[in-house]
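Novice: Chain A is fixed; fit chain B onto it per the hints.
Number of protein chains: 2
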Amino acid sequence: MSTTALDRSLVQRLVRDALTARLSNGYAKADGRVAPKLVVNVSARHCHVTQEDLERLFGKGHQLTPYKWLYQDGFFAAEEAVTIIGPRHRMIPNLRILGPCRDHSQVELAFTDAIMLGLDVPVRRSGDHRDSPGCYLLGPAGMIELSRGVIRHERHVHMGPSDADYYGVKNGDRLNLRIKSSCSAVFEDLLCRVAPATKLEVHLDTDEGNACDLAHATHYELFK
Amino acid sequence: MSTTALDRSLVQRLVRDALTARLSNGYAKADGRVAPKLVVNVSARHCHVTQEDLERLFGKGHQLTPYKWLYQDGFFAAEEAVTIIGPRHRMIPNLRILGPCRDHSQVELAFTDAIMLGLDVPVRRSGDHRDSPGCYLLGPAGMIELSRGVIRHERHVHMGPSDADYYGVKNGDRLNLRIKSSCSAVFEDLLCRVAPATKLEVHLDTDEGNACDLAHATHYELFK
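Residue numbers (this note's numbering), protein chains in the order written: chain A, 45 to 268; chain B, 45 to 268.
Derived by calculation from the structure, the hints in this document are not laboratory data. Please read these numbers as outputs of a predicted model, since none were measured by experiment. Accuracy of the hints is not assured; some may be wrong.
What the hints assert, rightly or not - Now the stretches of chain B that chain A is said to cover, found in silico as 3 or more residues with beta-carbon under 8 Å:
{"#": "1", "region": "150 to 158"}
{"#": "2", "region": "219 to 230"}
{"#": "3", "region": "250 to 262"}
Where a beta carbon is used, it is the ideal one built from N, C-alpha and C, also for glycine.
Chain A with its partners taken away, still in its complex shape:
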């Protein structure tokens, strides 16, 4: 197993634990309503696969095994990981699969990952594969070729209806995220993804998380 991938996972968990421990982001609206608990997590590079692709990679009838439950209920990092192979045979091992299986296979990379692989990936929301490159994925039972679907997932915030009400947004609207740290930054235009039974959670990629030193952030807030 790649020590690089292990360390990313470790860093990601440390960041998540540290940030989850902060129950309030410390600001309230003028009407006295307290801001909902905001969690900011980094999504390291990963992929989603269909059940069919999973079986081509891991064998007939294979089912994903949860390795670590994610912040959103029902979603998990799987024990299963694959190797992604890009142009000119560059590759990254231990690309984690996130479960459960989906109706489309998709790879989500940070630009740093993509540049290393030699891929020019567009910034897209999940499932939008316009003009995206493909890749090979290698598992213990076989290799598959994705003709497209390698993207940088655009920064976004998951929220439930009451969170959307608090921020005055609806599904598809945009919010900005301020991170205070030794490398403070404002990430603009986060896509709001509103759905029932969803916890308020921002997803950044590793480039964004590292650019603002999220691991040592002292404050963060969402604003219009």
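Specialist: Relative to chain A, chain B alone:
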């Protein structure tokens, strides 16, 4: 030669060329003064070495050979590159040396690089090596150990006295940088480094450049 390092160099050059071509950043002060030409460049990971360390790495009497001249007059990426070796024998080949030689040896990494190497690096300005880890550097004539000096260089903007006057800052003050792109961001608290005969130029690291998709930026500006 590592193809990874080559691609980083290529990307960096493409970014620099694209951004240098934009002569104006499109805003003027209320008094009609036009903003000075602003260039935003990404500094990929690199190192600086003393003449003494250079000779231990490349042999007695060795001199750096310019490979590519940088935007600031007199500075260059050298043909010479070394391999950086971190804890647990992880390494990155083709770490470029920037010239001319300095009075201290120093390695500048993005957090993504540092995490990959297993190094916990602080955010520091050049020459400030408080609490910074060391590393091994390997050259064709020998290996040296730096006891410290591996840092993430804090984001900063080089400027001449007339630029400082335009922005109303002095050496050591801070400015914010707004980047408009498909991943817009504001990087806060850039250190202003004012010196005679200096061109106005922001230096971001690869994490920051990738986080805001600097290569496809449509607008950028410095503001207080």
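Novice: Please go over all the hints and tell whether each is borne out by the structure.
Specialist: Consistency of the hints with the structure:
{"no.": "1", "hint": "150 to 158", "in the structure": "holds (count 3)"}
{"no.": "2", "hint": "219 to 230", "in the structure": "holds (count 5)"}
{"no.": "3", "hint": "250 to 262", "in the structure": "holds (count 7)"}
Checked against the numbered hints above, the structure violates none of them.
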